[in-house]
Each structure stands twice: as C-alpha cells, then as structure tokens.
Amino acid sequence: MNKFLCFLLLIFTGIYLNGCGMKKEAGEGKLVRIALVCPLTGDIAAMGQGMKNAATLAIEEANENKVLNDVRFELLALDDRGDPKEAVNAAYQIASDKAVYGVVGHLNSGCSIPASLVYNRYNIMMISPASTNPKLTLQGFKNVFRICATDDVQGSFAAKFICKNSAIVQVAIIHDKTPYGQGLAEEFKKTFQGLGGKILSFEGINLGDRDFKALLIKIKSLNPGAIYFGGMYQEGGLISRQAKELGLGVPLIGGDGIYTQEYIKIAANASEGDMATMIGTPHEKLPKANDFIEKYKARFPNREMQPYDPYTYDTVNIIIEAIKAAGMDRAKIIEQIRAISYDGVIGTTQFDEKGDTLNKEISCYFVKDGKWLTAQ
Amino acid sequence: MANSAIIFPELVNGITLGAIYALISLGYTMVYGVLLMINFAHSEIVMAGAFFGLFLLSFFLKFTFFQNNLLLLLTSVFLLSMCVSGILGAAIERLAYRPLRKTNRLMPLISAIGVSLFLQNLFMLTLSPEAKPYPSVFPAVNFQLGAVTINSIQIFIIIISILFMVALEYFVNRTKLGVAIKATSSDIETAKLMGINTNSIISLVFFIGAALGGVAGILVGMYYGSIKYNMGFTYGIKAFTAAVLGGIGNIPGAMLGGFMLGILESLGAAYISSAYKDVFAFIILILVLIFKPTGLLGERAQDKC
Amino acid sequence: MLKKAKLLEIFFIVIIALAAYLLHLKQEFYLVHILSLAGIYVLLALGLNMVIGYTGLLDLGFIAFYAIGAYSAALLSSKGFSFWAILPISILITCAFRFLLGKPLMRLRGDYLAIVTLGFGEITRLILNNWDALTNGPKGLPRVGETIRPITLFSFHLNSEISYFYLILFFVAASIFAIRRIERSKIGRAFVAIREDEIAAEAMGINTSYIKLLSFTISAVFAALAGVIYAHWIGFVSPESFSFWESVFLVCMVVLGGMGNILGIIFGVILLVGLPEFLRITLGGEFVLYRMLLFGLLMVIMTILRPQGIIPEKRRALELKD
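Chains as they are written, first to last, in our numbering: chain A, 1 to 376; chain B, 377 to 681; chain C, 682 to 1003.
In case anyone wonders, no lab produced these hints; they're calculated from the structure.
All of these numbers come straight from a predicted model, not from anything done at the bench.
It is possible that some hints are incorrect.
Said to hold, decoys possible - Label pairs and their computed distance ranges (CB to CB):
#1 Gly208/A x Arg788/C: 29 to 35 Å
#2 Gly208/A x Phe851/C: 34 to 40 Å
#3 Arg299/A x Ala543/B: 30 to 36 Å
Unchecked claim - Which bits of chain A does chain B cover? Going by a derived footprint, with three or more residues having C-beta under 8 Å, they are:
#4 44-54
#5 106-113
#6 207-219
#7 343-355
Here a beta-carbon is modelled for each residue, glycine too, at the ideal position from N, C-alpha and C.
With the sequences and hints as input, model every part of the structure.
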C-alpha cells in the first residue's frame, strides 16, 4: 500500500513538474508555441512524420526570417497515434499550456472531432490540414478551421473530369472505409451517376489489408473502364498493382491521398496512367510551391513528401501570419484567421463562415514514366 | 453478384494467401505446443524477416553473378534471412520469455506485447515509416491450366510453403531432435527427466518458428511488391486465428487452418462483401469452435490463466 | 484488520478527490483529464478482472462490450434519453450481448475462448465500421446536427472536467464496493474455485458453466458503465477507439498490476495510462517518435522485474507452487 502510494505520487508529480517546467520557460522569454498533433507512431506514422517535417520547416523559416521581433516560435509536436482517446489527452495537454497559440491538427477526423470540443472549450484555434469529415466544421465552433477541401469537391471533380475527357462510362468504386475515403467515393458515385455514367460496384476494404485480389477478380469480371479509389496511397498502390497483375489494365483514379511518390513506389510500373485529383493550382504554376518542394528536399533529403505536407506547411504559416497581425491573444487570433487571405503553396486560402476553405480549385495529375504530371 | 466464372481465380488466390498464413501459423502453433503461450511478437518477426530478405536481396543483386543465377540468389537469400529471423526469434525467447517461464502463464503474453511494440517502432525509426518497394526478381508469367490462370509468383509461393511444411513434418516426426520437440511439447517435466535439454529445445522451436515466419515475410514482399513496418499485425492475427482453427499446438492443423482461412477470405470477399470478409472468417471460426471446441485437428488446450 | 483496510481505502479516495480539486484550482485540466481517463480504464479493468483474475478465463475482446455500451449510449442520447435513463438500458443491452455470446462458449477451454473473444471483438469493430445505417460507419456518432446531451444531476449540468472526474470517481468507488461484496460472497469464492481447479470445483457441487457465464455476464456491467460515461464525457464515438490493441492493453493492465487484486489493477491502469502520457510530455523534439518504442521496452522490463504482478493477490500468493 505504501509503495503503491509512493509510486502514484511519483508518476503524477513527474507529469506535474514537467507541466510546470513548460510553463516557466514560457514565462521568461517571448516564446510562442504552435502545436502539431498527428500520428507520429502507429500505422499511419509516415504521414504524421511528414507533417512534422513540414511544420518544422515552416517554424524554422519564421525564426530565421524574424517574422516577429523578439518572438521565438517553437513547434510542440505531439503524438496521437490516430487514437481518439490519445488525441483528447493531447488536446488537454495543449489547453493547459499557456504558450500555445494555435493548433495544427489532427490528421484523422475521428481524432479532430473529439479534440475540437476541447479546443473550443478553452478557446484555442485549430486548423486541420487533413480531416475531411464534414461534421468537423458543422459543430458551430468559431475556433475550428480546415484547410483541405471536404470530400464533395474532389469526388465530384474527378467524376466530371472523366466524363468530359474520356470515353469511360463504367466505373467500379473501392473505398477504404475511412470518413475520407468513403466520402470521396460517395461523392464520386453521385456525380458520376448524375452525368449518366454507370457504377458497377461499390465496395469497402479494411485498412491494413494487403490482398485485394479477391475483390479485383470480381471487379474484373464486371469489365469496368476505370477503378475509382477513395483512400490513401498504401492501399491504392497495392490495388493498382494487383489489378494489373490480374490483367485488369484500367486506370485507377483517386484523390489527394494517392498523389504521392510513395504511391508510384508501391504500385511500380502498374501506376502508369493512373490519375489523381489534388486541391490547389498545379505547382508548376505556383512559384511558391516549387520553392517549397526545393526547400523540403534540402532540409529532409531522405524523406519523400507526404500528401499532407504542403497543407501543413501552409497551415503553420497561416497561424504565424495571424499571430503577427493579432498579437498574443487567443481570441484575436481566431478573429484574424476568419478574415485572412493567405497565398501559400496550395494556392490562396480563405475561410468561409463555417471555417472551411474557399480554395476549391482542383487539378488533375497523371502518372507518366514514374512521375506525377499535370493533366492538361 | 454471384458468378461462377470467378470461382477458380478466387480459389487460386485463396490458396496462395492460405499458404502464407499457414507458414506463419506454424510459428504460433509450435510455440504454443511447447510453452502454452501465445507469442504475440511472432507477427513482428514476419515483418523483420521481410526486411532482412529485402536487405539481402538488394545486396546480392549488386553482383552480376547472382543476377544471372536466380536459383542460387533465392536459395542464399532465403537461407540467410531464415537464419537471421530464427536467431531473432530465439533471442526474444531468451531475453523476454525465459525469465518468465516459472510465472503465471499470462506474463509472457504481456512481455510479448511489449516486444512487439518495441520491434515495430524500432523498424519504423531505424529504417523508415514509409513503405519499401521489393525488387522483383521473378519474371511474372501467367500460366493457363484449363480454366485456371496462375502466375509464376503464386506457384512459387505455394511450392515454397508446401516444401517447408513437408520438411517440418519430416523433421518433427522422423528425426531425433524432432522427437525431442514432440516430447517437450507433450510434457516438459518428463522430457527433462528423459535427459532432453528442454531449454535448447525451446530455443530450437523458437528458431524454427521464426525462420518460417521470416520466409513468409519474404514471400509477402515478393508477392505484393512492398513491405512496411506495420505489415505484421494483420498477418499475425490471421495466422493465429488459422492456428486455432486447425487446433492449436497441432502442426498439420495449422496448415489446414491456414489454407482454410485463405480460401474462406477470398471467397468471402468475392461473394459476400470485401468489407465484411474478416467478419465472415471470424464467424466461421466461432462456429467451428462451438461445434468442435478443440479446433479441427486439436486435442488439448490449457485452461488456466 | 478488515476495517483498517476499508478505512484506508476511503481515505485514499478522499485524498484523490481533494488532489483533483487542487489541480482544478490550479487550472491543470490536463492532469484532471488524465485522472478521469484512468478512472474509465479502472472501470474496464475491474470488469475484465472479473473474468481473467477471478474465474481465470482469458478474454481478448473485452473492448467490444465497452464499444457496445458507448455506441448504445450515443444512439440513445441523440434520441433524447438522459444519462440516467441510458445507463440501465445500455447495461442491459451490453449484458444481453455478453450473455448471448457467452452461452455457447462456456464449454470452450482456455485459449480457445481467448481467440473467440478476440474474434468477437474484431467482428464488433468491423460491424461498427461498416453498418452505416445504424452506426454512421467510420464517421462516428453523433451524426451531423445531433449531439450527446450533457449529464444533468439535480438540475446541475456536468460540463467541466472536474465534475466528470467526480462522476467517474463515484462510479469507480461504487464498483470497488460492489466487487468487494462479490469477492467475499459465495459466488466470488466459486469464481476462484473454478480458476484454481475446474474439475475439483465441479466435484464440490459448483455448477461451473453457470458460474462462468455469470462472471462473464457481470463483467459486462462494468464495460457498459465505462462505455456510457465515455460517450457522454468525450461527446463523440468512432470505431477507431475500439481496436484490438485496446483489448490487449486492458489485459496488460490487469495482468501487470496483479490479477485478482483490486489495488494491483488500479496500479496497473495508472502505470499503463500514465506512462505513455508521461513519455509524451517528457520526450520533446525528435524524441517524441521514440515514445512507443520506450513504452514497449518498459513493458518487457516491468514483467521481468515483477513477474507475479506488481501487487499480487494475497490468495494467489498463498498458492502452492508446482
């Protein structure tokens, strides 16, 4: 019993002292923390770690360029493992840290929504670079924003693009049963059917699976002109590869989740001709985007860019911009962000009254010779 | 949606998948047979084996000698990576399970979960959180056998796994060491009295199980073309299910369970729904256990925690 | 002796309650939140202990019943039910599921039961993720436009962290009290008898499959309780919260803390809930990536250092070694 009490005290004083330590440091200088919460370990760690790299880059630049005199920005990167419970824990940790003025995160909608309740209670602004569940901004919270478009925009754009630019009329749809993937797939289905196309099948898969041949054999027997995939590059790449191995040589079409070099690495030669939609102006037309890619490569030479890195980079910069204009006041920063118009690497970002981005420009990309190229 | 034209391709796919499950489930079942513990870290050994195979493959492919000699390349890659994964498996047993041998039966389980977390994160941190492409050493050729199309990699996977399973059956039943394994597995105390060094037998069991898991890892890499640090989990849970389906502790049972699960999954995805295919597989498992509580070929299981 | 232990326990609960209030005053919401989370896990672990610790059945899918509790609460709450009405309904629903699953399974032995419960856990998660009409699939509950109503107690709305903490603490204390009663009752002794030797227990006239089913079903009460509180407290449920790993960690908490011993279990929970949080705070910068690596390593070390559990059950410690 005594040992038990001692240990309990030890753990909690440990957490407590650490918490205090953070605050003390914050009181001394003009330290401004920007928190990033995403899965840094666990199954989708690759994406989360990419986001961390992009955020690190943005913060380092802000400090180098002395965006604000006598203010030092610091990245507080927290891990939520893609687990809602841990996401809420991290949100409380942020809420208890007075030096945090903005939150970038989370990645999964399942984490963003419960965490947003906490941020709302403590009036901290959050911008999610990646959560696409419409519910996030429909909760009526003033402090919640997202920089990625909701699923409807991309799904329907892909459907229109196919109808206009190709002879494909029959499509099989696969999605990964995440709010993101399923949302994309449902929007695509709606628009495509509205335009007179035919949906041959609509199937979900489980995250983490590697074998999709059973499903693809069935799809092959239906003779689709293309496969639309709502999901991320890992499963997408495997599906593309296995489809071609089975002799189903039709293009795979997906959203921004597959627009990454990783996808081509996984699908190998099978990815030739596959297509992805991506929010924002094609980066050849945006000098800032090219610049970002160069800088990213220079700073993290061994890492491939992940799908949400450009979004994260812009998000951090938007927060810094808002802090610059509004000063150290959590409420004023939120006001500032509502009114902001920011030219970044994914184009111009402005928010509507719900907190969703108004940047709804979509570009199409094709894989050619192992690279993503802009479609004309 | 039901369609009879796709049944043969689905069966071929299911058998390939089942071959991989069967290889992995041997590791679970052998360890269970000897120590009555669920080796949760086995799934991570499959992952580690896949990475060892990747290193060896990319290393050997630098030499033109190996590039021209496919058989030699594959033999050396498989044997070497089996050794490395086997040593890893035995080392885990020595460090994380052996100190717990005399304790409550669930303690090694907890330790295994710790090892599993550790290994997964170790590979993520030291290698890469991203997927690694696997070099394709095989020319992918499709063969037509009547109504069935099968490609060279599928044939390779099925042959390799059957080869290893037959070898294991032979080893366990026909050699002195194999009989020692069987003795240890049926009663560890008596085996000790008979002069068997049970500690080295247990190490050997872990070595063999892990080596087979490593082979399965390489096969997964070759078949799907890429590997990732978290790939083990799904295979682990499926292979463990397969082991129980066949009757845990029973080697032919694990093989049967593996093939059954692969085929069920493939047919489930084709004829029911790909999102529900695992539900289907687990329901079959539950039904089998309700009607035959010791699995298809099993005889015994430990009751106490 | 007994009285002293009880006093100590009450003293302990009061201390925690006061400490939480102090933290609340100092605006340490994070710590209060972690304490509440630990409380939820204590509820779950107490339930699981009923099966693993007392009756000796390994259950790898306990989280499924937590999920059923949480989802039924989220569904009922958006239909306008209040917390106090939902609580008994959810408990009934969850126990019914548990009973129906347990009924045919009680003839399964040891590890076969483990894999069936694992299978049921996965089935539950997959159904939650796929049955869009009922569970809203991966998008989670409540749906857009619906909310989970806050808990009200005598026209007092529970909405601050500390009020939820006290609610959870109350239920934890009540559960511990109830479990102490069960432990010392005839049924409790029957549970342990089955764990020690099922055949001998049967010979003593214990209806083993009935008793096993009883412990299996009672344990679901705690899972449902935790689930209902969780849904109200966090305000959102989605399938990600109910993965297989959650079940596994729960087993770790019970076993590592010391099966069968309530104090040990609480200890195990605090260890496994607190440690990742502790590591999250202490590991800054690049080290944040090493969090789960260290956690895994520490788990191995802890089992090797305290192989009998951190605070083993007294009754078990007296067992003869074979």
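Do the hints match the structure? See the list:
For Gly208/A paired with Arg788/C, a C-beta distance near 33 Å keeps the hint of 29 to 35 Å intact. Separation of Gly208/A from Phe851/C is about 39 Å and conforms to the stated range, judged on CB atoms against 34 to 40 Å. The hinted window of 30 to 36 Å between Arg299/A and Ala543/B is violated, with their beta carbons roughly 51 Å apart. Counting residues of the segment 44-54 of chain A whose beta carbon lies closer than 8 Å to any beta carbon of chain B gives 3, which meets the minimum of three for the stated coverage.
Proximity of the segment 106-113 of chain A to chain B, defined as three or more residues with a beta carbon under 8 Å from a beta carbon of that chain, is not established by the 0 residues found. Against chain B, the segment 207-219 of chain A contributes 10 residues with a C-beta closer than 8 Å to a partner C-beta. That satisfies the three-residue criterion, and the hint holds. Against chain B, the segment 343-355 of chain A contributes 0 residues with a C-beta closer than 8 Å to a partner C-beta. That does not satisfy the three-residue criterion, and the hint is violated.
When the structure is compared with the earlier hints, violations turn up for hints 3, 5, 7 and for no others.
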